[in-house]
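Trainee: Listed in order, the protein sequences are those of chains C and E. As numbered in this note's numbering, residues 1 to 381 make up the first sequence, in order. As numbered in this note's numbering, residues 1001 to 1381 make up the second sequence, in order.
Honestly, the hints are just simulated from the structure, not real lab data. Where is the CB? At the ideal position from N, CA and C, for every residue including glycine. Among the hints, a few may not be true.
The calculated lysine to aspartate or glutamate pairs, modelled on DMTMM-like cross-linking and capped at a C-alpha distance of 25 Å, are [what the hints assert, rightly or not]: (1) E:1058 with C:132; (2) C:58 with E:1131; (3) C:265 with E:1220; (4) E:1002 with C:220; (5) C:41 with E:1245; (6) C:260 with E:1042; (7) C:303 with C:357; (8) E:1261 with C:44; (9) C:58 with E:1120; (10) E:1177 with E:1027; (11) C:38 with C:23; (12) E:1002 with C:44; (13) C:38 with C:221; (14) E:1260 with C:42; (15) C:2 with E:1220; (16) E:1265 with C:44; (17) E:1261 with C:220; (18) E:1058 with C:119; (19) C:261 with E:1044; (20) C:265 with E:1042; (21) E:1038 with E:1220; (22) E:1154 with E:1307; (23) C:260 with E:1044; (24) E:1260 with C:44.
Stretch by stretch, here's where chain C covers chain E in the computed footprint (C-beta under 8 Å, at least three residues) [unchecked claim]: (25) 1060 to 1073; (26) 1079 to 1089; (27) 1094 to 1102; (28) 1369 to 1380.
2 protein chains.
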Amino acid sequence: MKIQILGAATTKFGELWNVSPRELAHEAIHKALTNANKQPKEIDALFVGNMLAGILGKQANLGSFFVEGLGVHVPAFHVEGACASGGLALHAAINSILAGQYKTVVVLGVEKMTDYPQDDITAGLMAAGSDEERNAGATFPGIYALMAQSYMQKYRVSEELLASVPVKNHYHGSFNKNAQFQSPLTIADVMKSTKIAEPLKLLDCSPVSDGAAAVVITREETKIKGRSVYISASEVGTDTLALHDRSSFTSLTSVVTAAKKAYAKAGIIPQDVDVAEIHDCFSIAEVIATEDLGFSQRGKGAKDIADGKRTLFQGKTITNPSGGLKACGHPVGATGIKQIVEIFDQLQGTADKRQVEGAKIGLTHNVGGSGAVAVIHILQI
Amino acid sequence: MKIQILGAATTKFGELWNVSPRELAHEAIHKALTNANKQPKEIDALFVGNMLAGILGKQANLGSFFVEGLGVHVPAFHVEGACASGGLALHAAINSILAGQYKTVVVLGVEKMTDYPQDDITAGLMAAGSDEERNAGATFPGIYALMAQSYMQKYRVSEELLASVPVKNHYHGSFNKNAQFQSPLTIADVMKSTKIAEPLKLLDCSPVSDGAAAVVITREETKIKGRSVYISASEVGTDTLALHDRSSFTSLTSVVTAAKKAYAKAGIIPQDVDVAEIHDCFSIAEVIATEDLGFSQRGKGAKDIADGKRTLFQGKTITNPSGGLKACGHPVGATGIKQIVEIFDQLQGTADKRQVEGAKIGLTHNVGGSGAVAVIHILQI
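With the hints as extra help, turn the sequences into a complete structure.
Mentor: Quick look at the structure:
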């Protein structure tokens, strides 16, 4: 597989009350096209990752909706898979190029979450859950709290150790001018923040965000500014929607399955990965992910993060240099594409103050629901 | 391109108050797998076309949601493009096979529309429209009525001539035991039915329906029962959401663009098509489609239908042998796949009482919104 990324960009992430989904999308698309040195008329298709525009914004037909802004009426597609919508849209786009159907395509991830009542947002997000969990009144913080409880008991891990995840990610976010939160945190800050679902506190949880991200990809090797970056693997795994049907609470089968296939396709091992963007919707999610992806041994994920092994300028396999979902923000459909933008910048060596020195291999880990779907991409120079 | 259809099936279409989306989906998937002589464990991925499950049913993450019923956790995807969701899901599935990513996949189209208040259904469907049209209070009957007015004035066509579309399609539906309506109509029945939006009457409009359809496709040539059927073209076109930005009210650019590419890819001309399933959401839609697809000359589409040129057992290029959206029903996300099921049956020679004798080449025409997106598939033996 030889898919090249020609350009990539995100909008600012945050509570962007004054912009519409359309404005967010067009800003990201046009920035990515400019970064790729491409005109809209050179694009063969648009793929859109979005979860909530229908449920919250009552807008469907999103391929056609967002392609209007390109000014060219090329084929356009909306791919949905909850918080993995962005990664899944990229997977579909890559397949369409490898099929020979399209040559150069834009993949957009976009989400507008803040202009709705809080209850509608919570109910909207639970659209990714199972009937049983929803009917029992569960929310995603509650579901991930069950995983955290299970993990903490199994491996004798403390809440303070889990708190090292948001501390690291807010530190990383402090170098990212597009991040929703750019202020550092301490373990004490996390520990004293409001309890959301035992043992998760407010600062263990990713925020409600608006934002968009876009990448331009192609099948042809094209000379671009700086280093060429390729996508060497794009793999998807699924599992049951509900936790109670899963074989484990401390590992996501969807991630393990997709990662195994992705490493094989790229011909690498986990230790080859220099930098990864991880789906840290909650602190526990990043801890489990670093183990499922093979970066840390089982039960050691939190300790490795606390020891600085995933932290910028000191670690070996740096996770979430963008600040992750926690600090950079989590506009759900945009997240999977924002992760690609960050790794593209890292591998190009244009990640500014958060540059991982000498990064050659990067990975993105994008999860939908509580692990019902996972998408892994591997990027290499 | 050499994509083979191994099996295909639909549920009954209609007002199915006693079944859930999950039950509909699983019935269609398992019937299609049985028809294909495949076990769930032989499937590499699931593609789902659906428009309204999020908006009406508050269920997202539909790939994972429906793959649960397969009992195997393969990669699964939800593709949305309003009433073209089914066709777009098939397009994505075909690309994923041609890319070499998956070998044998199930494509499901499913929609549950009847368990919601009528106003919610109307508002939900308008999620496929433009802000301007929605804010002006337009509904799809209203928008297609504008096209009908424009067409009737331009070509001096009467309401009676347009009424020949539902008369033909109800006649066809009378041979289809899965159709929502299996009773014949007369021109007089259509003319005296309730006015919905001048000049469209109730019997010019496709119904609100529940239903699901599924196909099993593969990249390998496999010996199956009866004739082998191949998909020789899968093409997509887009246009603006709103009518007022279009170059014409009497032709859909999205259809013309996609059809031109599809004919070229399949190496055929319109006159080669023996049988076609057309997106007759309203009478005018089938008339315009037969012209946009090149079956009839401009302005002659309605007359050709009235003259019996598209009618079973007498016509040359038969349209909507299933009964079309009007008589077979229009569970929006399922429609694009149901069209494939019908053409597969026709080309296999297993279409029972509605068999088009000697059918070798078939076409499906699936449209989203009022023409913002169109998907054309060409099937051949």
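Trainee: Evaluate each hint against the coordinates.
Mentor: Evaluated hints:
1. A C-alpha spacing of about 14 Å is found between residue 1058 of chain E and residue 132 of chain C, which places the hinted pair at or below 25 Å, so the restraint holds.
2. Only pairs whose Cα atoms come within 25 Å are accepted, and residue 58 of chain C paired with residue 1131 of chain E is accepted, the gap being roughly 10 Å.
3. Using a Cα cut-off of 25 Å, the hinted pair residue 265 of chain C and residue 1220 of chain E holds, with the two alpha carbons roughly 22 Å apart.
4. The hinted pair formed by residue 1002 of chain E and residue 220 of chain C meets the criterion: a straight-line CA distance of about 24 Å does not exceed 25 Å.
5. This hinted pair checks out: residue 41 of chain C and residue 1245 of chain E have alpha carbons roughly 19 Å apart, not beyond 25 Å.
6. Using a Cα cut-off of 25 Å, the hinted pair residue 260 of chain C and residue 1042 of chain E holds, with the two alpha carbons roughly 20 Å apart.
7. Proposed proximity of residue 303 of chain C and residue 357 of chain C is supported: the alpha carbons are some 23 Å apart, at most 25 Å.
8. Of the pairs offered as hints, the one joining residue 1261 of chain E and residue 44 of chain C holds, with about 13 Å between alpha carbons and a cut-off of 25 Å not exceeded.
9. A hinted pair counts as satisfied when its Cα atoms are at most 25 Å apart, and residue 58 of chain C with residue 1120 of chain E qualifies at roughly 11 Å.
10. Using a Cα cut-off of 25 Å, the hinted pair residue 1177 of chain E and residue 1027 of chain E holds, with the two alpha carbons roughly 16 Å apart.
11. A threshold of 25 Å between alpha carbons decides the hint, and for residue 38 of chain C with residue 23 of chain C the separation of about 20 Å falls inside it, so the pair holds.
12. The straight-line distance between the Cα atoms of residue 1002 of chain E and residue 44 of chain C is roughly 22 Å, inside the 25 Å bound, and the hint therefore holds.
13. Distance hint between residue 38 of chain C and residue 221 of chain C is fulfilled; the C-alpha atoms sit about 14 Å from each other, no more than 25 Å.
14. For the suggested pair residue 1260 of chain E and residue 42 of chain C, the alpha carbons sit about 20 Å apart, so the restraint of at most 25 Å is met.
15. At most 25 Å may separate the alpha-carbon atoms for a hinted pair to count; residue 2 of chain C and residue 1220 of chain E meet this at roughly 24 Å.
16. Between the alpha carbons of residue 1265 of chain E and residue 44 of chain C the distance comes to roughly 16 Å, so the proposed pair stays at or under 25 Å and holds.
17. For the proposed pair residue 1261 of chain E and residue 220 of chain C, the alpha carbon gap of about 22 Å is at most 25 Å, so the pair holds.
18. Note on residue 1058 of chain E and residue 119 of chain C: the hinted pairing holds, with a Cα-Cα distance of about 13 Å set against a maximum of 25 Å.
19. Only pairs whose Cα atoms come within 25 Å are accepted, and residue 261 of chain C paired with residue 1044 of chain E is accepted, the gap being roughly 13 Å.
20. In summary, the hint linking residue 265 of chain C to residue 1042 of chain E is supported, as the alpha carbons are separated by about 21 Å, within the 25 Å threshold.
21. Restraint check for residue 1038 of chain E and residue 1220 of chain E: the C-alpha separation of about 14 Å stays at or below 25 Å, so the hint holds.
22. For the given pair, residue 1154 of chain E sits about 20 Å from residue 1307 of chain E by alpha-carbon distance, which is consistent with the 25 Å threshold.
23. Distance check on the hinted pair: residue 260 of chain C and residue 1044 of chain E sit about 16 Å apart at the alpha-carbon level, within 25 Å; holds.
24. Among the hinted pairs, residue 1260 of chain E with residue 44 of chain C is consistent with the structure: their alpha-carbon atoms are about 16 Å apart, no more than 25 Å.
25. Restraint check on the stretch 1060 to 1073 of chain E versus chain C: 9 residues with Cβ-Cβ distances below 8 Å, three needed, restraint holds.
26. Interface restraint, the stretch 1079 to 1089 of chain E with chain C: holds (5 residues with C-beta to C-beta distance below 8 Å; minimum three).
27. Taking a C-beta to C-beta cut-off of 8 Å, the stretch 1094 to 1102 of chain E contributes 8 residues in contact with chain C, enough for the three needed, and the coverage statement holds.
28. For the stretch 1369 to 1380 of chain E, the proposed coverage by chain C is satisfied: 3 residues have a C-beta within less than 8 Å of a C-beta in that chain, meeting the threshold of three.
Every hint from the earlier list agrees with this structure, and none is contradicted.
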